[in-house]
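Participant: Residue numbers (the numbering used here), protein chains in the order written: chain A, 1 to 352; chain B, 1001 to 1538.
Simulated from the structure, these hints should not be mistaken for lab results. Some clues are possibly wrong.
To list a few chain A residues with every Cβ distance to chain B over 12 Å, as calculated [to be verified]: (1) G55; (2) G170; (3) F203; (4) F228.
Restricting the straight-line Cα-Cα distance to at most 20 Å, the calculated cross-link-like pairs of lysine to aspartate or glutamate (DMTMM-like) are [to be verified]: (5) K1337/B - D244/A; (6) K1337/B - E234/A; (7) K152/A - E1321/B; (8) K1244/B - E1223/B; (9) K1152/B - D1105/B; (10) K1295/B - E1497/B; (11) K1401/B - D1465/B; (12) K1406/B - D1233/B; (13) K1191/B - D1233/B.
Ideal placement from N, C-alpha and C gives every residue a C-beta, glycine not left out.
If you want the building blocks of each chain, they are given just below.
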Amino acid sequence: MDTARHKAPGAAVPDPGPADSGSTTAPDGAAARHRRGYLAGNQLAPRYAILAVWGAMILVYCLTEPSLFPHTGTFQTIFGSQQPLVFMTMALMCTIVVGEFVDLSVPAVFGFGATILPVLVVNHGWGLWPASIVAVLGCVLVGAVNGFLVVKMGVNTIVVTLGMSTLLEGIALWMSDLNTISGLPSGFQKIALLDVGGLPISFYYGIVLVLAFGYLLAFTPLGRHMRFVGASREVSRLSGVRVDRIRFGSFVFAGLLSGIGAFIAVADLGGYNASSSDSYLLPVFAAVFLSTAIFEPGRFNPLGTLVGIYFLETGILGLQLLGLQSWVSQVFYGGILVVAVTISTLLHRRAT
Amino acid sequence: MSVSQPAPGTGQRHRLEVARVSKTFGSARVLRDIGLSIGPGELHGLVGQNGCGKSTLVKILTGIYTPDPGGAITVDGGALSLPVRPLEARAAGLSVVHQNLGLVDDRTVWENVRLGRFRATGLIRRIDGKAERAAVESVFDRLGARVDINQKVGELSAEDRAAVAIARAMQDHEPGGGLIIFDESTRAMGKSARNRFFGLVRSVIDGGASVLMISHQLEEVIEVTDRVTVLRDGQVVETGIPTKDTSEAGLTRLMLGRHLVTHDRVDSHAQEELAATVRHLVVRSVRGFDLDVRKGEIIGLTGLVGSGATAVAEAVGGAREARAGTLTVNARSISLKPRRDSTEVFIRAGVAFVAERRLDQGLAAELSVTQNLTLPRVRSRGSRLRTGGGWQAAETAAMIKKLDIKPPDPGKLVGQLSGGNQQKVLLGKWLAGHPSLLVLHEPTQAVDVGARHDIIDAIREAAADGCGVIISSVDASDLAVLCDRVLVFRHGQVVAELAGELTEDDIIHATFESPGQSGDQPDPAAADAELNWKGVPR
Chain A
1 MDTARHKAPG AAVPDPGPAD SGSTTAPDGA AARHRRGYLA GNQLAPRYAI
51 LAVWGAMILV YCLTEPSLFP HTGTFQTIFG SQQPLVFMTM ALMCTIVVGE
101 FVDLSVPAVF GFGATILPVL VVNHGWGLWP ASIVAVLGCV LVGAVNGFLV
151 VKMGVNTIVV TLGMSTLLEG IALWMSDLNT ISGLPSGFQK IALLDVGGLP
201 ISFYYGIVLV LAFGYLLAFT PLGRHMRFVG ASREVSRLSG VRVDRIRFGS
251 FVFAGLLSGI GAFIAVADLG GYNASSSDSY LLPVFAAVFL STAIFEPGRF
301 NPLGTLVGIY FLETGILGLQ LLGLQSWVSQ VFYGGILVVA VTISTLLHRR
351 AT
Chain B
1001 MSVSQPAPGT GQRHRLEVAR VSKTFGSARV LRDIGLSIGP GELHGLVGQN
1051 GCGKSTLVKI LTGIYTPDPG GAITVDGGAL SLPVRPLEAR AAGLSVVHQN
1101 LGLVDDRTVW ENVRLGRFRA TGLIRRIDGK AERAAVESVF DRLGARVDIN
1151 QKVGELSAED RAAVAIARAM QDHEPGGGLI IFDESTRAMG KSARNRFFGL
1201 VRSVIDGGAS VLMISHQLEE VIEVTDRVTV LRDGQVVETG IPTKDTSEAG
1251 LTRLMLGRHL VTHDRVDSHA QEELAATVRH LVVRSVRGFD LDVRKGEIIG
1301 LTGLVGSGAT AVAEAVGGAR EARAGTLTVN ARSISLKPRR DSTEVFIRAG
1351 VAFVAERRLD QGLAAELSVT QNLTLPRVRS RGSRLRTGGG WQAAETAAMI
1401 KKLDIKPPDP GKLVGQLSGG NQQKVLLGKW LAGHPSLLVL HEPTQAVDVG
1451 ARHDIIDAIR EAAADGCGVI ISSVDASDLA VLCDRVLVFR HGQVVAELAG
1501 ELTEDDIIHA TFESPGQSGD QPDPAAADAE LNWKGVPR
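Using the sequences plus the hints, can you model the full thing?
Facilitator: Given below as structure tokens:
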């Protein structure tokens, strides 16, 4: 039902936020500043609801599994094992922020890069660095092809990326001959696993990436343009934003991030099994969509995604420690994805 | 179409009575103790500025919003449960026709009318097309309208579409009962469609139903309604004023709470120096159009749909690809045959284009006032690594003040503002860049009188500062008040250039009177309304 929705002083959601109309005569600073100005009152609840749930979840696990859950090892597992996801979610974030709703190829591009690297080194005797560069460039190239087909040719994003995803997985399986490729030089692992304060250094790579991405979106002209392209291409075009360049760039950058993520993951694991890429698809989407319910309600955001990743992993690890089998991750990721998208849709409705 | 009703509601029960209805969003009270009553067979007008609470009230009446506790809504003496349950309201005879009429274009008339009421029959729960069609035919008979019920709604004329919407709204009415709320339903209608529409409304009323009509068009409200209620800032200012005792000026005063300064023409700000030149523009039906815009000059482009006036404005503003042509601004020549994504070039040269469809082309509803206002300049004024907060805050504050944007909250999402305030944000977005050439497309479309006033003032101020202004509009009153000269287009050519003391009538005459159009629209009064018709579909 399409009522006169843009004329409503509020929105369908009963609380459009405290309207401090009378008092705010002096506008306060940049975009991020006045977003923070909204933190009062009822806005607080949706923003931090997931954090509260996370805390409650940890508490429950600590109480139900006092012998297993509350250990440093548990937290090292949670925070030390999710780097591939961090990179892939940020890759997905690139395109989703500019309004390309679902880039299904992210895990496959990641897997593609993660297969090229060990195959070149182990099977073909390449040096580590040339192989790494080729792997990352391969991912960038795939991103560029995606971008070309979607942006320049105007093909539907789902079709392009679904097809590309299957194609790349096939190629990766062929390259690796359906085997797990391992046997990389042991020094290579240091790049990912160097212990810094109890956690592998790759954990910090992820944090830096997320913070940089968050900064980009919130504080740079490019990020502002990306947000507007995501909100409305026509509005952006008429405001002088180079819409197609930004959309194409997003696909290329998504490829780059997948590639770098693959490089770090290979260093971490010491090799790669090409058939494992598939299993990342749902977690990536679940975490990114979950971000719309964290920090910036109704909006995809990097920091929220990071929280989403560790929130999901905490939930699954806890359930596994409780003795549940591996099916639990599917149930959990799938369920969360549906719930998160629903919440995101509801929160988004208030803006329009 | 005149005031023909006997004094309504006297000595009878009210058809609709709204008492003590309030609505609070968070800390904002948008409706306060609303009370109004409508008698049987009454055509009641509801007017007020954008954001005064009209839409909120309709949403309460239709059950979309839950009113604050304490209010009451009664229909024919029976209280409705609150929040209003749509089915209960329908049973009580309450129905709504929305702004866009709420029709599904690629479905037939009868499907549209019966939507939500289809009865399934037999074992396989099929829709009984024959019975449904018969029901629809009888509704149209009652309404006295003739529409082919098997036609697709998208193929109908504007009048017939309105008839379909009305038929849908009245089909459940008991004879002699019912109430239809028209929420800005005439917005997208031309004059003749409107006449027919009000004819149908009259026949609904003659059948005993009542009508609550919400409208921006005061002229129309005065012409057709029996009584009027005026809302301002969420409160009833006056209710049930007999229309014959009031006037447009009187209503405007009540809506604004202040005397509206009438828009007199002011002296031209045009200087000798040129702000921009257009040469050999070829776009749509226009072949080889030249134009010199002096600094401070305001030029109007007008004409019927397809005349080329709009296309010229869009091409000069950088929003539409022309087949050929050059624009020179600030000694910079820009090809009007641009590549994709090249609006940036226009902006850097000092051209600003205020698009017509503000939520499709102008503003992103889900982002804030500041973000929208500063978008064209974040790249040039910010550094690569930082947008920079100071200039954005200053720019936004200046525009909020200049255009009186309400609420004056830079962090408010644009989607949460009223239409008039969105239009102000859109104008501010471009004025803040101090353009050398400002191109506006229907700048006052679907905004209330107060916002129109602020917008007209801001455009004049820009001209006074030396900006060349081009306005493409079908609103002759805007053009007459603002422009130094008006170019009238027909079939891609300028057929008249009006200058000096412009009047609405002159502009209308020039637009409609032509050898090729004889008999088409001979009546200048009809032409008048056609031109004033705000909400031109594209």
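Participant: Decide, hint by hint, whether the structure agrees.
Facilitator: Hints versus structure:
1. Against the 12 Å criterion, G55/A stays outside the reach of chain B, whose nearest CB is about 27 Å from its own CB.
2. For G170/A, the condition that its CB be more than 12 Å from all CB atoms of chain B holds, with the nearest at approximately 35 Å.
3. For F203/A, the requirement that its beta carbon stay farther than 12 Å from each beta carbon of chain B is met, with the minimum near 26 Å.
4. Its closest Cβ contact with chain B, about 6 Å, brings F228/A to no more than 12 Å, contrary to its assignment away from the interface.
5. Between K1337/B and D244/A the CA atoms are separated by roughly 18 Å; this keeps the pair inside 20 Å, and the hint holds.
6. Restraint check for K1337/B and E234/A: the C-alpha separation of about 18 Å stays at or below 20 Å, so the hint holds.
7. Pair hint K152/A plus E1321/B holds up; C-alpha atoms about 18 Å apart against a cutoff of 20 Å.
8. Our distance criterion of 20 Å between C-alpha atoms is met by K1244/B and E1223/B, whose separation comes to about 9 Å.
9. Between K1152/B and D1105/B, the direct Cα distance comes to roughly 7 Å. Compliance with the 20 Å bound is thereby established for this hinted pair.
10. Proposed proximity of K1295/B and E1497/B is supported: the alpha carbons are some 19 Å apart, at most 20 Å.
11. The hinted pair formed by K1401/B and D1465/B meets the criterion: a straight-line CA distance of about 17 Å does not exceed 20 Å.
12. For the hint pairing K1406/B with D1233/B, the CA-to-CA distance comes to about 11 Å; that is within 20 Å, so the pair holds.
13. A distance of roughly 31 Å separates the Cα atoms of K1191/B and D1233/B; the hinted pair therefore is violated under the 20 Å criterion.
Comparing the model with each earlier hint shows violations of hints 4 and 13; every other hint is respected.
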